[in-house]
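**Student:** Residue numbering for the sequence shown follows the UniProt record's numbering, beginning at 1 and increasing consecutively.
Don't take every hint at face value.
[Unchecked claim] Dumping the calculated EDC-like pairs for lysine to aspartate or glutamate here, alpha-carbon to alpha-carbon at most 20 Å: (1) Lys154 with Glu164; (2) Lys154 with Glu112; (3) Lys154 with Asp202; (4) Lys186 with Glu112; (5) Lys186 with Asp202; (6) Lys186 with Glu87.
[To be verified] Cβ-Cβ distance ranges computed for the label pairs, FRET-style: (7) Ala46 with Thr226: 49 to 59 Å; (8) Arg39 with Asp95: 20 to 30 Å; (9) Arg39 with Gly72: 24 to 34 Å; (10) Glu124 with Ala159: 18 to 28 Å; (11) Ala71 with Glu42: 24 to 34 Å; (12) Ala46 with Ala92: 18 to 28 Å; (13) Glu163 with Ala71: 41 to 51 Å; (14) Gly162 with Glu64: 24 to 34 Å; (15) Arg122 with Ala216: 17 to 27 Å; (16) Glu64 with Glu163: 30 to 40 Å.
Please keep in mind that the hints were generated in silico from the structure rather than gathered at the bench.
Yeah, the Cβ is synthetic: ideal placement off N, Cα and C, and Gly gets one too.
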Amino acid sequence: MSLSDTNRAVTLITGASGGIGSALAHALAGTHELILAGRGGERLAAVCAATGGHPLVLDLTRPETFADALAGLGRVTNVVHNAGVLELGAVAEQDHAVWTHMLAVNTVAPAELTRLLLPLVRQERGTFVFVNSGAGLSANAGWGSYAASKFALKALADALRGEEASNGVRVTSVYPGRTATEMQRKVRGQEGAEYTPQAFIDPQTLAQTIAFVLNAPRDTALTDLTVRPGPQP
(Lines of atoms letter the chains of each structure in order from A; the text may use other names.)
(Lines give C-alpha, C1' and ligand atoms only; values in the text may rest on other atoms or scores of the structure.)
Protein backbone atom coordinates (compact mmCIF):
# COMPACT_ATOMS: atom_id res chain seq x y z
CA MET A 1 0.00 0.00 0.00
CA SER A 2 1.64 3.24 -1.13
CA LEU A 3 0.05 6.62 -0.58
CA SER A 4 3.10 8.69 -1.45
CA ASP A 5 1.39 10.19 -4.50
CA THR A 6 -1.11 12.29 -2.51
CA ASN A 7 -0.60 15.72 -0.98
CA ARG A 8 -3.22 15.15 1.68
CA ALA A 9 -2.41 14.06 5.20
CA VAL A 10 -2.31 10.29 5.58
CA THR A 11 -3.98 9.26 8.81
CA LEU A 12 -3.85 5.77 10.29
CA ILE A 13 -6.64 4.87 12.71
CA THR A 14 -6.66 1.72 14.83
CA GLY A 15 -9.95 0.22 15.94
CA ALA A 16 -11.44 1.73 12.80
CA SER A 17 -14.48 -0.53 12.67
CA GLY A 18 -15.62 0.43 16.19
CA GLY A 19 -17.89 3.30 17.16
CA ILE A 20 -15.30 6.04 17.64
CA GLY A 21 -12.94 4.82 14.91
CA SER A 22 -15.70 4.55 12.33
CA ALA A 23 -17.05 7.99 13.24
CA LEU A 24 -13.55 9.47 12.91
CA ALA A 25 -13.03 7.83 9.52
CA HIS A 26 -16.26 9.42 8.29
CA ALA A 27 -15.28 12.79 9.78
CA LEU A 28 -11.93 12.78 7.95
CA ALA A 29 -13.11 11.22 4.67
CA GLY A 30 -12.38 13.43 1.69
CA THR A 31 -9.80 15.57 3.48
CA HIS A 32 -7.36 12.90 4.71
CA GLU A 33 -6.10 9.74 3.06
CA LEU A 34 -7.15 7.01 5.49
CA ILE A 35 -5.48 3.80 6.57
CA LEU A 36 -8.07 1.95 8.62
CA ALA A 37 -6.70 -0.74 10.89
CA GLY A 38 -8.75 -3.51 12.44
CA ARG A 39 -9.14 -7.24 12.67
CA GLY A 40 -10.64 -7.47 9.20
CA GLY A 41 -14.06 -8.79 8.32
CA GLU A 42 -17.24 -7.18 7.02
CA ARG A 43 -17.32 -4.23 9.42
CA LEU A 44 -13.86 -3.00 8.47
CA ALA A 45 -14.61 -3.56 4.78
CA ALA A 46 -17.83 -1.54 5.10
CA VAL A 47 -16.09 1.42 6.75
CA CYS A 48 -13.39 1.39 4.08
CA ALA A 49 -15.99 1.29 1.32
CA ALA A 50 -17.94 4.18 2.84
CA THR A 51 -14.91 6.43 3.46
CA GLY A 52 -12.48 5.46 0.72
CA GLY A 53 -10.09 4.15 3.36
CA HIS A 54 -7.40 1.54 2.82
CA PRO A 55 -7.79 -1.54 5.06
CA LEU A 56 -4.93 -2.65 7.29
CA VAL A 57 -5.48 -5.94 9.09
CA LEU A 58 -3.74 -6.01 12.47
CA ASP A 59 -3.90 -8.42 15.38
CA LEU A 60 -3.01 -6.18 18.31
CA THR A 61 -2.18 -9.18 20.48
CA ARG A 62 0.69 -10.10 18.13
CA PRO A 63 3.11 -7.16 17.95
CA GLU A 64 5.70 -9.38 16.27
CA THR A 65 3.52 -9.23 13.13
CA PHE A 66 3.30 -5.43 12.95
CA ALA A 67 6.50 -4.79 11.00
CA ASP A 68 5.43 -6.98 8.10
CA ALA A 69 1.90 -5.53 8.10
CA LEU A 70 3.25 -1.96 7.92
CA ALA A 71 6.02 -2.65 5.42
CA GLY A 72 4.12 -1.39 2.38
CA LEU A 73 3.17 2.02 3.75
CA GLY A 74 4.63 4.90 1.78
CA ARG A 75 3.56 7.82 3.99
CA VAL A 76 1.95 8.26 7.38
CA THR A 77 1.25 11.75 8.71
CA ASN A 78 -0.92 11.00 11.72
CA VAL A 79 -1.58 7.99 13.92
CA VAL A 80 -4.71 7.72 16.05
CA HIS A 81 -4.38 4.99 18.66
CA ASN A 82 -8.06 4.29 19.18
CA ALA A 83 -8.36 0.50 19.58
CA GLY A 84 -8.82 -0.90 23.05
CA VAL A 85 -10.37 -3.61 25.20
CA LEU A 86 -12.10 -3.40 28.55
CA GLU A 87 -13.12 -5.98 31.14
CA LEU A 88 -14.39 -4.84 34.52
CA GLY A 89 -13.52 -6.75 37.66
CA ALA A 90 -12.06 -6.45 41.12
CA VAL A 91 -8.36 -6.96 41.68
CA ALA A 92 -9.26 -10.00 43.79
CA GLU A 93 -11.10 -11.55 40.83
CA GLN A 94 -9.02 -10.86 37.71
CA ASP A 95 -6.10 -13.21 37.10
CA HIS A 96 -2.87 -12.53 35.22
CA ALA A 97 -4.39 -13.49 31.86
CA VAL A 98 -6.86 -10.60 32.06
CA TRP A 99 -4.16 -8.13 33.04
CA THR A 100 -1.78 -9.38 30.36
CA HIS A 101 -4.41 -9.12 27.63
CA MET A 102 -5.51 -5.64 28.72
CA LEU A 103 -1.96 -4.31 28.82
CA ALA A 104 -1.04 -6.03 25.54
CA VAL A 105 -3.83 -4.42 23.53
CA ASN A 106 -4.15 -1.08 25.32
CA THR A 107 -0.48 -0.30 25.97
CA VAL A 108 2.06 -2.62 24.34
CA ALA A 109 0.44 -2.55 20.89
CA PRO A 110 0.34 1.27 20.72
CA ALA A 111 3.95 1.42 21.92
CA GLU A 112 5.16 -0.97 19.21
CA LEU A 113 3.08 0.67 16.47
CA THR A 114 4.45 4.04 17.53
CA ARG A 115 8.03 2.77 17.40
CA LEU A 116 7.57 1.36 13.91
CA LEU A 117 5.65 4.33 12.49
CA LEU A 118 7.71 7.07 14.10
CA PRO A 119 10.20 7.48 11.22
CA LEU A 120 7.33 8.12 8.78
CA VAL A 121 5.53 10.53 11.12
CA ARG A 122 8.77 12.43 11.75
CA GLN A 123 9.16 12.97 8.00
CA GLU A 124 5.68 14.52 7.92
CA ARG A 125 6.03 16.45 11.20
CA GLY A 126 2.77 14.75 12.05
CA THR A 127 0.67 13.95 15.07
CA PHE A 128 0.04 11.01 17.36
CA VAL A 129 -3.33 10.94 19.12
CA PHE A 130 -3.79 8.53 21.99
CA VAL A 131 -7.47 7.95 22.70
CA ASN A 132 -7.21 7.35 26.41
CA SER A 133 -10.07 7.41 28.95
CA GLY A 134 -11.20 9.13 32.09
CA ALA A 135 -9.92 5.91 33.69
CA GLY A 136 -6.45 6.98 32.59
CA LEU A 137 -6.65 9.83 35.09
CA SER A 138 -8.51 8.23 38.00
CA ALA A 139 -8.99 4.56 38.90
CA ASN A 140 -12.27 3.47 40.48
CA ALA A 141 -13.18 0.19 42.13
CA GLY A 142 -13.64 -2.55 39.55
CA TRP A 143 -11.61 -0.70 36.93
CA GLY A 144 -8.09 -1.62 38.09
CA SER A 145 -6.73 -3.52 35.10
CA TYR A 146 -8.24 -1.19 32.52
CA ALA A 147 -7.16 1.94 34.39
CA ALA A 148 -3.65 0.55 34.79
CA SER A 149 -3.38 0.06 31.03
CA LYS A 150 -4.63 3.60 30.43
CA PHE A 151 -2.35 5.16 33.06
CA ALA A 152 0.50 3.42 31.22
CA LEU A 153 -0.80 4.78 27.90
CA LYS A 154 -0.64 8.30 29.37
CA ALA A 155 2.97 7.66 30.39
CA LEU A 156 3.78 6.50 26.86
CA ALA A 157 2.25 9.63 25.35
CA ASP A 158 3.92 11.98 27.83
CA ALA A 159 7.36 10.45 27.24
CA LEU A 160 6.90 10.48 23.46
CA ARG A 161 5.87 14.15 23.54
CA GLY A 162 9.05 15.12 25.34
CA GLU A 163 11.24 12.99 23.11
CA GLU A 164 9.81 14.08 19.76
CA ALA A 165 9.11 17.79 20.22
CA SER A 166 12.43 18.70 18.60
CA ASN A 167 11.42 16.62 15.57
CA GLY A 168 8.20 18.59 15.10
CA VAL A 169 5.98 15.66 16.12
CA ARG A 170 2.88 16.58 18.12
CA VAL A 171 1.39 14.20 20.70
CA THR A 172 -2.08 14.52 22.16
CA SER A 173 -3.87 12.41 24.75
CA VAL A 174 -7.67 12.56 24.60
CA TYR A 175 -9.57 11.48 27.71
CA PRO A 176 -13.19 10.80 26.76
CA GLY A 177 -15.91 10.27 29.29
CA ARG A 178 -18.56 7.65 28.62
CA THR A 179 -19.28 7.47 24.91
CA ALA A 180 -22.25 5.81 23.21
CA THR A 181 -20.50 2.78 21.70
CA GLU A 182 -20.87 -0.98 21.84
CA MET A 183 -18.06 -1.05 24.39
CA GLN A 184 -20.14 1.21 26.61
CA ARG A 185 -23.12 -1.09 26.15
CA LYS A 186 -20.94 -3.95 27.41
CA VAL A 187 -19.72 -1.88 30.36
CA ARG A 188 -23.24 -0.97 31.41
CA GLY A 189 -24.18 -4.64 31.24
CA GLN A 190 -21.26 -5.56 33.49
CA GLU A 191 -22.32 -2.82 35.88
CA GLY A 192 -25.88 -4.14 35.88
CA ALA A 193 -27.16 -0.80 34.61
CA GLU A 194 -29.30 0.31 31.69
CA TYR A 195 -27.56 1.48 28.51
CA THR A 196 -28.99 4.87 27.54
CA PRO A 197 -27.00 6.24 24.57
CA GLN A 198 -28.45 9.74 24.86
CA ALA A 199 -26.80 10.13 28.27
CA PHE A 200 -23.34 9.68 26.80
CA ILE A 201 -21.08 11.44 24.29
CA ASP A 202 -22.05 10.87 20.67
CA PRO A 203 -19.13 9.16 18.84
CA GLN A 204 -19.49 11.71 16.05
CA THR A 205 -18.91 14.54 18.54
CA LEU A 206 -15.76 12.87 19.81
CA ALA A 207 -14.65 12.27 16.22
CA GLN A 208 -15.01 15.98 15.45
CA THR A 209 -12.91 16.76 18.52
CA ILE A 210 -10.12 14.44 17.36
CA ALA A 211 -10.35 15.87 13.85
CA PHE A 212 -9.84 19.34 15.33
CA VAL A 213 -6.67 18.09 17.06
CA LEU A 214 -5.31 16.65 13.82
CA ASN A 215 -6.13 19.76 11.80
CA ALA A 216 -5.02 22.32 14.39
CA PRO A 217 -2.61 24.99 13.08
CA ARG A 218 1.07 24.23 13.53
CA ASP A 219 1.57 27.07 16.00
CA THR A 220 -0.32 25.17 18.68
CA ALA A 221 0.06 21.87 20.49
CA LEU A 222 -2.93 20.33 22.22
CA THR A 223 -1.28 18.06 24.76
CA ASP A 224 -4.16 16.78 26.91
CA LEU A 225 -7.85 17.07 26.13
CA THR A 226 -10.59 15.90 28.50
CA VAL A 227 -14.05 15.40 26.96
CA ARG A 228 -17.10 14.79 29.15
CA PRO A 229 -20.80 14.28 28.42
CA GLY A 230 -22.67 17.58 28.42
CA PRO A 231 -25.53 18.49 30.78
CA GLN A 232 -28.72 16.57 30.17
CA PRO A 233 -31.85 18.53 29.15
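**Student:** The structure should be examined with respect to each hint, and the outcome stated for every one.
**Tutor:** Comparing the hints with the structure gives:
Taking the CA atoms of Lys154 and Glu164, the gap is about 15 Å. The hint holds against a cut of 20 Å. Annotation: proposed proximity of Lys154 to Glu112 holds, straight-line Cα distance about 15 Å (limit 20 Å). Proximity of Lys154 to Asp202 is assessed by CA-CA distance (about 23 Å); at most 20 Å being required, the pair is judged violated. Pair hint Lys186 plus Glu112 does not hold up; C-alpha atoms about 28 Å apart against a cutoff of 20 Å.
For the hint pairing Lys186 with Asp202, the CA-to-CA distance comes to about 16 Å; that is within 20 Å, so the pair holds. With a CA separation close to 9 Å, the supplied pair Lys186 and Glu87 stays within the 20 Å bound. Evaluation of the 49 to 59 Å hint for Ala46 and Thr226 yields a failure: the beta carbon distance comes to about 31 Å. The supplied range of 20 to 30 Å is met by Arg39 and Asp95, whose beta-carbon atoms lie about 24 Å from each other.
Hint check: Arg39 to Gly72, Cβ distance near 19 Å, so the stated range 24 to 34 Å is violated. Range check, Glu124 to Ala159: Cβ separation about 21 Å, and the 18 to 28 Å hint holds. Checked against the hint of 24 to 34 Å, the pair Ala71 and Glu42 passes, with Cβ atoms roughly 26 Å apart. Between Ala46 and Ala92 the beta carbon distance is about 41 Å. The supplied range of 18 to 28 Å is therefore violated.
The supplied range of 41 to 51 Å is broken by Glu163 and Ala71, whose beta-carbon atoms lie about 24 Å from each other. Distance hint for Gly162 and Glu64: a CB-CB separation of about 28 Å, consistent with the stated range 24 to 34 Å. One distance hint, 17 to 27 Å for the beta-carbon pair Arg122 and Ala216, holds here, with the actual separation near 18 Å. Between Glu64 and Glu163, the C-beta spacing of about 24 Å breaks the proposed range 30 to 40 Å.
Hint check: violations occur at hints 3, 4, 7, 9, 12, 13, 16; the rest are consistent with the structure.
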